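Q: Sequence:
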Amino acid sequence: MNLKSLALLCLLSLLGLSSPAEITLGGALNHNAVVQRNHSLPIWGTARDGEHITVEFAGQHVSTIAKGGRWLVHLSPLPAGGPFTLIVTAEHDTTTLTNILVGDVWLISGQSNMSMPVKECDDSEQSATNITHPNLRLGFIKKSWNGQPRTDFETNCNWQACTPDTARDFSAVGYFFANELLKDPALANVPIGLIDSS
7 MNLKSLALLC LLSLLGLSSP AEITLGGALN HNAVVQRNHS LPIWGTARDG
57 EHITVEFAGQ HVSTIAKGGR WLVHLSPLPA GGPFTLIVTA EHDTTTLTNI
107 LVGDVWLISG QSNMSMPVKE CDDSEQSATN ITHPNLRLGF IKKSWNGQPR
157 TDFETNCNWQ ACTPDTARDF SAVGYFFANE LLKDPALANV PIGLIDSS
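Numbering-wise (the working numbering), the sequence shown opens with residue 7 and increments by one.
None of these hints come from the bench; they were simulated from the model. A quick note: this is a predicted structure, and the numbers were derived from the prediction, not measured. Here a beta-carbon is modelled for each residue, glycine too, at the ideal position from N, C-alpha and C. Among the hints, erroneous ones may be present.
Computed beta-carbon distance windows for the label pairs [to be verified]:
| id | residue 1 | residue 2 | range |
| --- | --- | --- | --- |
| 1 | E97 | N152 | 30 to 36 angstroms |
| 2 | L188 | S46 | 24 to 30 angstroms |
| 3 | K149 | H67 | 33 to 39 angstroms |
| 4 | I137 | R54 | 41 to 47 angstroms |
| 5 | H45 | I71 | 53 to 59 angstroms |
| 6 | K189 | D128 | 18 to 24 angstroms |
| 7 | L78 | N136 | 38 to 44 angstroms |
Straight-line Cα separation of at most 27 angstroms, DSS-like style, residue types lysine-lysine; simulated pairs [to be verified]:
| id | residue 1 | residue 2 |
| --- | --- | --- |
| 8 | K148 | K125 |
| 9 | K125 | K149 |
| 10 | K125 | K73 |
Construct the entire structure; sequences and hints are all you get.
A: Pasting the structure below:
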């Protein structure tokens, strides 16, 4: 390598032009997430324009090309089950999400009535949270406001398995709603995901 080439490579590195953009995942996908069963599953994100993207999940492999820095694929509907690993591969980057379940996903949204956490309930109601539910996942989205339409969350949804500790800060209405769902024998083996965006 001659001196001019080396100087150009150093300059591009300093400008950040030699390192490709990382692939990102959009929506509420993260480790420990629940995705909706029995429906086509959209997976999307960002990557370098023109980059070839492959998504692997539950035995499915789907590919696409990023256009305008964005990409989208649709996976075929899946029955309830898991845990699965989601692998998104680009030419220069790979993102892996683990412990993903397929089940029923519910959005918990509203204002003060929905955002009140379990820890603010009375003692008898709080005692109902002293149970660990491995198939119940709680997803939290950071509170934010924007006067313009947005294409994604400010931060990824943080998913956690339901334990007495994680339930304390979760929406009380959402948590007790999920408990009613868990009593339904038809849903005994169906993972439940609650996304708290109140």
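Q: Report the numbers of all earlier hints that the structure fails to satisfy, in ascending order.
A: 5 and 10
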